[in-house]
Amino acid sequence: MKKNSPPLSVKPSKLTEYLKNLALLTKNTGHLFLIAGDQKLEHLNSDFVGPQIAPEDNDPEHFFRIAAASNGGVLATHLGLISKYGANYRNLPYIVKINGKTNLGPNEEKDSSLPLWSVAEIVNFKKQSGLKIGAIGYTLYLGGKYEAQMLAEAAKAIYEAHQAGLLAILWVYPRGKNVKEEDIHTIAGGAGVAACLDADFVKIKYPYGGKDKKQTALKFQEATAAAGRTKVICVGGSKQPAKEILAFLKLQLEIGQSSGLAIGRNLHQRPLEEATRLAQAISAIILKNASLKEAENIYLNKKTAAKKGTGKFLGLF
Amino acid sequence: MKKNSPPLSVKPSKLTEYLKNLALLTKNTGHLFLIAGDQKLEHLNSDFVGPQIAPEDNDPEHFFRIAAASNGGVLATHLGLISKYGANYRNLPYIVKINGKTNLGPNEEKDSSLPLWSVAEIVNFKKQSGLKIGAIGYTLYLGGKYEAQMLAEAAKAIYEAHQAGLLAILWVYPRGKNVKEEDIHTIAGGAGVAACLDADFVKIKYPYGGKDKKQTALKFQEATAAAGRTKVICVGGSKQPAKEILAFLKLQLEIGQSSGLAIGRNLHQRPLEEATRLAQAISAIILKNASLKEAENIYLNKKTAAKKGTGKFLGLF
Amino acid sequence: MKKNSPPLSVKPSKLTEYLKNLALLTKNTGHLFLIAGDQKLEHLNSDFVGPQIAPEDNDPEHFFRIAAASNGGVLATHLGLISKYGANYRNLPYIVKINGKTNLGPNEEKDSSLPLWSVAEIVNFKKQSGLKIGAIGYTLYLGGKYEAQMLAEAAKAIYEAHQAGLLAILWVYPRGKNVKEEDIHTIAGGAGVAACLDADFVKIKYPYGGKDKKQTALKFQEATAAAGRTKVICVGGSKQPAKEILAFLKLQLEIGQSSGLAIGRNLHQRPLEEATRLAQAISAIILKNASLKEAENIYLNKKTAAKKGTGKFLGLF
Amino acid sequence: MKKNSPPLSVKPSKLTEYLKNLALLTKNTGHLFLIAGDQKLEHLNSDFVGPQIAPEDNDPEHFFRIAAASNGGVLATHLGLISKYGANYRNLPYIVKINGKTNLGPNEEKDSSLPLWSVAEIVNFKKQSGLKIGAIGYTLYLGGKYEAQMLAEAAKAIYEAHQAGLLAILWVYPRGKNVKEEDIHTIAGGAGVAACLDADFVKIKYPYGGKDKKQTALKFQEATAAAGRTKVICVGGSKQPAKEILAFLKLQLEIGQSSGLAIGRNLHQRPLEEATRLAQAISAIILKNASLKEAENIYLNKKTAAKKGTGKFLGLF
Amino acid sequence: MKKNSPPLSVKPSKLTEYLKNLALLTKNTGHLFLIAGDQKLEHLNSDFVGPQIAPEDNDPEHFFRIAAASNGGVLATHLGLISKYGANYRNLPYIVKINGKTNLGPNEEKDSSLPLWSVAEIVNFKKQSGLKIGAIGYTLYLGGKYEAQMLAEAAKAIYEAHQAGLLAILWVYPRGKNVKEEDIHTIAGGAGVAACLDADFVKIKYPYGGKDKKQTALKFQEATAAAGRTKVICVGGSKQPAKEILAFLKLQLEIGQSSGLAIGRNLHQRPLEEATRLAQAISAIILKNASLKEAENIYLNKKTAAKKGTGKFLGLF
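Residue numbers (this note's numbering), protein chains in the order written: chain A, 1 to 317; chain B, 1 to 317; chain C, 1 to 317; chain D, 1 to 317; chain E, 1 to 317.
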């Protein structure tokens, strides 16, 4: 696992706060299990109602229920939902996603997304609500008409987050006519941009479609290396069987050198009971270094306690 | 009815003020009867002079006269009109609509609408005028060229309103070439966006054209569920007979789980006397849980006093 | 005449100042005689040099000379000219026009016009110069590419003017491909927008081309009614014989319910001596309720003193 | 010559400073001899290296050397050059050109030019450097896509300059598809815009190509009259023989009612020795009212001392 | 070598700081050896992984390792990397590149690049980190759609840097359809723009493709002369053999009158050991005036100590 020290852009008087937030989000492991709850804005209702989707998914509280039961997942969502449900989920760690856009517009415009809340507003919200907000999240589209503006907004948000002792997570997606979005070279480039911008974690695509899973994980090292001391978490991708998710995750962490997973639809489209089992299985792998077998048992609800991780974590904690 | 607690984005020192405003706007019911008076800007004079329109509708004071006689309606209009007539209508509760645009431009540009007044200006205006202003209103077009800008403006206005102890009402309209605006899925998506943005109420389209009215109201539950703890009020739609309006309203509230109605042309294009009877009938349903029959009698001016509501209100109040 | 009270957006501590400015601009009548001196920017030199134009019109001081001799006209022009000539015309009341554009660009761009000076700068200029500045003026184009921006700028300027105790005059022109600019319905719509924005006076087009002058004035009531408590002044239109101007004006005030006239080229393209006679005749009608005959005599320089107005003014003063 | 008083937009406490700067720039004559040194940005290296251009012109210091030897010329250039060479030319009066653009872009974009430095930055630079900075300069393109923005920036810069006791010089160029840039009517329109914006001096085109030079100068009166109390200086135009320059200048001042000249390439493309003689000849005409013969002798370096001007200067000084 | 004094835009109270930074960056020689580490953002991963590229180049720390071993090179890179690695490289002098963009977008948009960090943020970062940050860097594209904006941002950044006692380095690239980017005339024009903007150093293209290397270096004098007192450093160009790089560099400095070199891919695509030898050879030429032979020996690791420079440095130090 990547060894690192806190970025120098953290205001010295906020360093303790930063380390506390890092510990909060990663359960002292340096790894991050991010539960993505920003699709209500990003995809409107398409991800929440449909033939393969659990009916309870249409209630925004579904995110909170899953996260609360996940044994260590961090809920990343927009301020509005946290403002409305946070009082009932005071123990959850949060990443406040500060930008977002719908899937309605023409493609060109879809790459534009202004910050909806400033970091100062998030800091104020954290203080007055008393919630466990550990980071801000920002989605950055590269290659589009608004790249210049988005790079500037991302850099500013990260800087301000560090000044305030918060972490900053980037979602980075290279886009454009001739851009091969699934190409590892392109993905690695986006990871490098996150490093240049001082992000703590970067969420990037993972080439799930590769034929050989181990080879894919090996190739993915290009991206985790390019990110330098910025840690990489992989997107969960389109809906997959639970077993597949767990297997990929194990390879991403152990071979691909990733530092966690961001998962959305693969969790919340499942009924709460199943989503909980899956979340706990993922959590065991990411945060407790459980074996694939142990994780599968958690998902299948077999009462084999996950062994304590083998202590490979060599990071800050 | 939806049970909820105040959003955590309300500044703690303004919580009493927020609850007072919520009580003011909903008459302690949690339901909202919004009288839409923003069409003088939105539609120029087209809604105010014409063959089926009462001559008195061309006088902007018509809005105020109806609202004052409505037994609980809240007037939502632009600051200019409130500034000019408010001194004569000091008991009316107001929602100040902070953006708006005319119907003149090309469609693409019609989806752009900047805030005309900041929340700070509304707060200052409330203080110096002493008027009963309980909320700001903002129209959000999704899917257009200016979506990113509008999302940001909406989020900012809501945040600032909550900081000041005001409520925030969103008008949300998904738009665009391939967008089916009347589709419940699309409508529900817009409602979910309002939840992500921390709106207190969201005004959305209602599919009035459906064949089976009960089925339509049932389907509408997708939207009210997607909105989570943000309450939904339906638009009044194009001109309909009074009886139809009341019947739809009853179904929206009881089956569709909505929390009120926003009505404009269906009120103000009628002469004051008739508009008053209709407004009082609507008010009885929304705020006093009157039966359809009772409401019809109010509209027909039969002196059957509306029975006190059956106490289904389980919300904050 | 319209009866009204000051807008509630006037800062209470500036109410006396506002009423003083209203009295200054309207000579305590509630009516406004606006001498438009903003064409040097709007039309470059086209209105100032030509075969039918008095040679002295090319000197910007011509505006000031006419206004000073007009018996009550208010000069509306840009800050630059007031800054250069104001020291010699300290008794003139002024409206500082805060935006403007030339007639050079493509039509689309012609509908864009940013504020050249902020209200704060006008207030500071008033204070340091000691000039009698009673209002700011803003031209608002509706229907164009920049409508959203202009609506926002107009609302802001009016709000700030009222906060400072100044009046705000809007020039409102609906524009666009399918917009019938001379249609009374369109004109009335623009007047209503001014009301929504809290303007004190709105300058709108008058359909001078109508066949029956009385009918036209009657139809114009749609616009004055739509403006609510915002007073309406008519544009002077293209060059007409003096007698025509006076006749139209009388009908506009008495039948059309307007509150004054804004006149530019019809005054300044005449030699000073004739412009003075015409201005005084206009002034007599607007501010002293002179009869058409009396006004014609003033224009013809016949020494029949205008009778004192018949006291129809029922407004604030 | 134009008689005038300082604009009322000058902050009263800065009036002495303003008058001092006016005296500095015009050597107490009210006339201005502006040495244009802004082409390094405007034209890149095209004006500085070439077959008809003195090799020393490629050194930016050439501007300073000429100005220092010119007997009264004011150097107008960008802040960067003044910052680098000013310490060696402390006695030179400066106009800091605050905007500019290159000649590379497509024509449409060439009409856009944002301020590079704010007036506050110029004021601070003046204070800390101790240099004799008397004015800011701004180039305004009318008729282009960015007209609205440029008008606003120009007005703001002039207002702020006057607040700080600095003068403001506008370069005004009407542009566009159907605009006849050399037409006196167009030129006069631009001059009038400068007056509306409160400029102290305006630099405009002069129709050098006219057949009859006296007639041209007479026609030019339209522009100087349209400018009102804003003084007019003519551009130097493309490269001409020295004798021509001097002859035109004399006619511009005496018949055309201009108040000076702005000269760039016609000076700096000459070797220092010749440029000095030409600058001194120009200076004698503008600032000392020398006869054409006297000026020619200065250029030809004949030791006939220029007689003291015949005292026609009737301006502020 | 160019003789100069500090720009007058340096705040007097920060002059000592400025001189200290100049000494830091140039090792008291007035020459600059810039190690360009901004391609991770500019070129994504294309410059860091490939057949001719050392595997270690994919780790962002590679930049730091080379710079630390270079004997005098200054690392120019984005804030994110400095924030993450700076604690381990406290003795390195840094130039913080404050803007940048990827190579993904359409060409037109590629010429847009907003500042990612303000100068105030850099100053704060320097203070809290204690790192040796001597300058900010900014890439300016001339001729594109965003030229006006970029010129303004560049001027502002330079001004603010000087106010804070930092140096400012510009990367200047003229662009556009009919622009010959390799033409010395065009290059010189860009250098002149940097002078107008008050840059301390300007990094420009060098026409490496010329047939006669000495002639090319002679021609390059046009650019160094046009830059006036702004010093010129040449870009390193595409990958070349080490010997070629050193030979070009010697000619650039001695004949072309340049003041240093900026080198990126030519260094970091080499393995650390070779990159170190090359960097030290370059450093010897730039900072110690080593002969070409001496430099080649350093590159070849022959233990001939570079003689002390022959003292041609006549600059500020």
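What the hints contain is simulated information worked out from the structure, not anything from laboratory work. A few of these clues could be false.
Pairs count within a copy or across copies, as identical chains cannot be separated in the list.
No more than 35 Å apart at the CA atoms, straight line, and that leaves these computed lysine-lysine pairs for DSBU-like [what the hints assert, rightly or not]: (1) K177 with K288; (2) K145 with K243; (3) K302 with K14; (4) K302 with K127; (5) K27 with K127; (6) K288 with K27; (7) K239 with K177.
A quick note: this is a predicted structure, and the numbers were derived from the prediction, not measured.
*Which hint numbers does the structure go against, in order from smallest to largest?*
1, 2, 3 and 4
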